[in-house]
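First to last, the protein sequences are chains A and B.
Quick note: the first sequence uses the UniProt record's numbering, first residue 1, plus one each step.
Quick note: the second sequence uses the UniProt record's numbering, first residue 1, plus one each step.
All clues given are correct.
Derived pair list, reagent style EDC-like, types lysine to aspartate or glutamate, alpha-carbon separation capped at 16 Å:
id, chain 1, residue 1, chain 2, residue 2
1, B, Lys-474, A, Glu-487
2, A, Lys-559, A, Asp-589
3, A, Lys-478, A, Glu-450
4, B, Lys-145, B, Glu-176
5, A, Lys-435, A, Glu-20
6, A, Lys-474, B, Glu-487
7, A, Lys-474, B, Asp-504
8, B, Lys-363, B, Glu-534
9, A, Lys-478, A, Asp-546
10, A, Lys-44, B, Asp-504
11, A, Lys-279, A, Asp-303
12, B, Lys-474, A, Asp-504
13, B, Lys-44, A, Asp-504
14, B, Lys-328, B, Glu-234
15, A, Lys-348, A, Glu-275
16, B, Lys-559, B, Glu-585
17, A, Lys-318, A, Glu-304
Here's a subset of chain B near chain A, in silico, CB distances under 10 Å, partners left out:
id, residue
18, Ile-37
19, Val-77
20, Leu-80
21, Gly-88
22, Met-113
23, Ile-118
24, Asp-123
25, Gln-126
26, Asn-294
27, Gly-413
28, Gly-416
29, Glu-468
30, Glu-492
31, Asn-503
32, Ile-505
33, Pro-507
A few chain A residues that face chain B, going by a derived Cβ cut-off under 7 Å, partial list only:
id, residue
34, Leu-83
35, Ala-130
36, Pro-133
The set of hints was computed from the structure by calculation and includes no laboratory data.
We treat Cβ as the ideally placed atom computed from N, Cα and C, and that holds for glycine.
Number of protein chains: 2
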Amino acid sequence: MSKITLGRYMWERLRQIGVETIFGVPGDFNLQFLDSIFQVEGLKWVGNQNELNAAYAADGYARIKGLPGCFVTTHGVGELSALNGVAGAMCERVKMIHIVGQTTRAMQSNHMMIHHSIGSKPDHQQYNKASVPLRFAAAELWDIKTAPAEIDRVIRECFVQSGPVYIFIPLDLSAEEVPSSLLDTPLDISPTVDPATQEAAVKAITQALADSKHPILLVDALVKRFNAAPEARELVRKLNVPFFCANMGKAVVDETEEMYVGVWNGEISTPGVKEEAKKADLVVTLGYVPADTNSASFSRKLDEGMAVHINPFDVVIKGTHYPNTSIKSLLATLAKALPSTPQHTIPKPQLPPPRVPKDKDAKHITQSHLWPQFTSFLRPGDILVGETGTTVFGLCDITFPSDIRFEAQIYYGSIGWATPATLGIEIARQELERKVNGDGTNGVNGEKKEGRTVLVTGDGSMALTIQEVGTMIKAGLKVVVFVINNEGYTVERMIWGAQQTYNDIVPTSYQHLLPLYQHPSPSTSFHLATTKTELAAILAKPELADPPHLQLVEVVVDKMDTAWRLASQLAYRGGEKHREYMAKEGFVDTYGNWGLDSVTETGGVKWH
Amino acid sequence: MSKITLGRYMWERLRQIGVETIFGVPGDFNLQFLDSIFQVEGLKWVGNQNELNAAYAADGYARIKGLPGCFVTTHGVGELSALNGVAGAMCERVKMIHIVGQTTRAMQSNHMMIHHSIGSKPDHQQYNKASVPLRFAAAELWDIKTAPAEIDRVIRECFVQSGPVYIFIPLDLSAEEVPSSLLDTPLDISPTVDPATQEAAVKAITQALADSKHPILLVDALVKRFNAAPEARELVRKLNVPFFCANMGKAVVDETEEMYVGVWNGEISTPGVKEEAKKADLVVTLGYVPADTNSASFSRKLDEGMAVHINPFDVVIKGTHYPNTSIKSLLATLAKALPSTPQHTIPKPQLPPPRVPKDKDAKHITQSHLWPQFTSFLRPGDILVGETGTTVFGLCDITFPSDIRFEAQIYYGSIGWATPATLGIEIARQELERKVNGDGTNGVNGEKKEGRTVLVTGDGSMALTIQEVGTMIKAGLKVVVFVINNEGYTVERMIWGAQQTYNDIVPTSYQHLLPLYQHPSPSTSFHLATTKTELAAILAKPELADPPHLQLVEVVVDKMDTAWRLASQLAYRGGEKHREYMAKEGFVDTYGNWGLDSVTETGGVKWH
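Chain A on its own, in the form it takes in the complex (with noise of 0.2 Å):
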């Protein structure tokens, strides 16, 4: 009987279901399985500088190929570095598996005072305590009889719920045997459904849809986590309603489809937008998270009555429930369900004409002029990563072109996570359109050029994690980079402390970064735009539509300068004290009183 040891046999499944990178950081108690990685054809290692950073580049590939993001720690000090980076994953539902290498079994019931332990007679197993709110299932190996099964089930978990599952595999047992025949059997991924609830769902949901005179969709983030998105574009044509997105929903189904109208983000809306949704006598759910990021301080208010909620494990239909649905499928039989022809006859909505900057006329770059640019910079093919902070609400206040990909960890906001989740995001792009076309082009528009990642981040995000900026290049990864230079923390300076030193950063020159990682041409791959004229001309660069290298561009921005979303948020949540308070400290008023003036309810929100 052929056999194959543990480690192997982990890497074989995860090879199995579409996995061809392995992200983390070696350590004395993973090295040895780390071996096998580089005997499964098709499977990678890319390491990471930190633990931290390498949870979020899984986190950032997990994202784009719609299955687990994998990466490998150290018993405890890596293990817990990396915490934070899967409790984004957590909150975010995105699928990702930890790989943790542990002390052997005999140093662990012997309590051996080990490296990386706690204590005189150490519990080995306290960091796996520490981490059991932030996942949804864990193999916790001790028995090479049960591991495989084990291993096994954790991947299912982390499909089915769409989040963070956990493997402990100590050394020793790690390179324990196990028949390589248990690799015949596939691993069966596909989510639980109840076909008698999902059919009454959709029969309901259709119902409601024919009763109704005005209905609208709102597409948002777990529509694209539980790989729904093909699904949720079906729905949109064959409704052919109007339909929206919430800032984490957006780009999910193309913005060029003909019934799209805007980001719907409660009263801090583009103007029209909102005007538009409070039409609708009906609105339908698609994978809804209604965080206070997601939801302008929760000013998208939902009246139930007229609600229909596609939620990944349920759908609640005007305030009934119907449990152990699944979105993917629920999405596809209903869209199968509707008549071919629309029932519905609303025609597009047209939005009143952009407002005009106050500060229109400046020569350096404001945010009120940064952002639309990156409507006609990016291309079909291209991903775009936002950083959280102002970066954030700028992206998401204009419109992309078609095919575009657009990632944020919108609703967790844990800053830094954008630049080592651009790492992943890039390999995962790459691994990707290697499939559409097999030679390392994808075919987008007829057009044999590559899709590009793009980030773009803030020089306080970036401060947290910008050593994978290092690995990048050691991978030789063609993303652009956007570094919003402002001087620090704008978004906190807008909630307090406008001039207090704490919400300033460390000082840095950029064009510095890339030789310090020895890029290959540093000189020709570093842009400073400090001026509109300066920026235009670096986005018209023939290195940034085709990079041959990372592309670094920094953009110096005034630290009082923001996009108008995030100061209307902020004047709306904190009422007229806050707009006091941003007046008097002279922040940026992009279009005058804040942006509130299409705003129906104004004032604080109530927390108490």
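Once you have looked at the hints, place chain B on chain A.
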């Protein structure tokens, strides 16, 4: 009645116990109470580049000042990022207070989907739960009436346990007020001691010493963690018997003391040291940490029938247990109880002359050449910080001048610790020196020359936390940083996978690190040593003797070279098979036979 906010109360309390610096990363759930730091006379804020680095900086600060290192993070994203740094303090018994700014109480009790939370009905205490195994106490503040007493309680626990404690403070609560008169009652931070047991223990120890013909002392880390270094030195002098230290206890008592022998690192000690230790008929350990990395893989085997352990909270004398003692007061009482004339007249041990390394004639920088250079480079008043890796094995092998403090994270061993810890260490050093002379200088040996903080790290370790060099530059800290560039994780190469790509790191050109963070004089402050001659010239430079700014020295070392102690420990632990591996892969065998000629118990350590 005069009132202050709870936030202010907390800072005032910390200032009262001697804290002068608060580390951390701002976030929207801590900004408001960060403001009150600036209201407290003599308290300052030093922001870090990320939260893990903040925890490490607080760790370093605490080690030098002997009081809590304090740092602030924000709900979820911030606190989780720091956990590994906190666990390190838990393992190594470093006083640390982690202050987490939480969401408001209303957000918590309403389970609001506020950014950084998890799920659709989030439990905001999920992160608090994750950190339970990694602290000695926590003030989970909810009620203004009990909050001040809770803060007082955990500050006391931090001192008594010498380890991390948490303060969770909902943002709204931090702004509520308490009577400022509460500050008039001084905090009691002294440990609880049972005088009767302590007296009995002292009596039994003096008896054991009197019964012994050849007692020796082994000084270890917990002595300094519990602020008992002066008492240990007093004991060393009064006993006048041969004294040794463990790796972690290095330089707790000056190595220039008459009866100092060396680092007794079990079987892997400098020739002669172990032999001297084995002459003992009684071994008195002070603050002992018998971890693998502090005992050469458990090869320092003590016969408990002839051992006295003076631990932080108890004493064990030849197997008999005396609980409820306290190491600092016990050592003081013991020293007082001893006769003024030493009872033993053991001659000062003479070690054999140093061995000649096989690679002594190399022109490039060998590890056998490198480490001894630090003996002459260091001068009284300096603090030497050693990173986990070959560095710490190398530095534990040399003898220090007087008045050197040595810090390393030898039991927990989280790579990346040393760079941010150096930030905290240098700030603490400055604060202490200001106290000595009041004019920014110290007066060691009558010279008006400041001590320096000298960091020695490796390229692999530094990568994890490299951005904290920026914080040091911003703060104008004049530390001397040595980075050993040996192309990756050499420790790991020696353990497994010598040539595997997972042991490579991102190639880094360190000369660009200083300009990246706007160092005021990068060209005169970066030094590259590739040969012994170059290294000698650099070590003699005035910039290193009296640094006008942070100095960075890159030392290029072959990737197959390492400190002999590391090679010997691995050769000892792994047995014949591992020695064959190391030989086959071509690692440098500094003294031949992996330095095992004097090892009495060869062969692998039994872990099964």
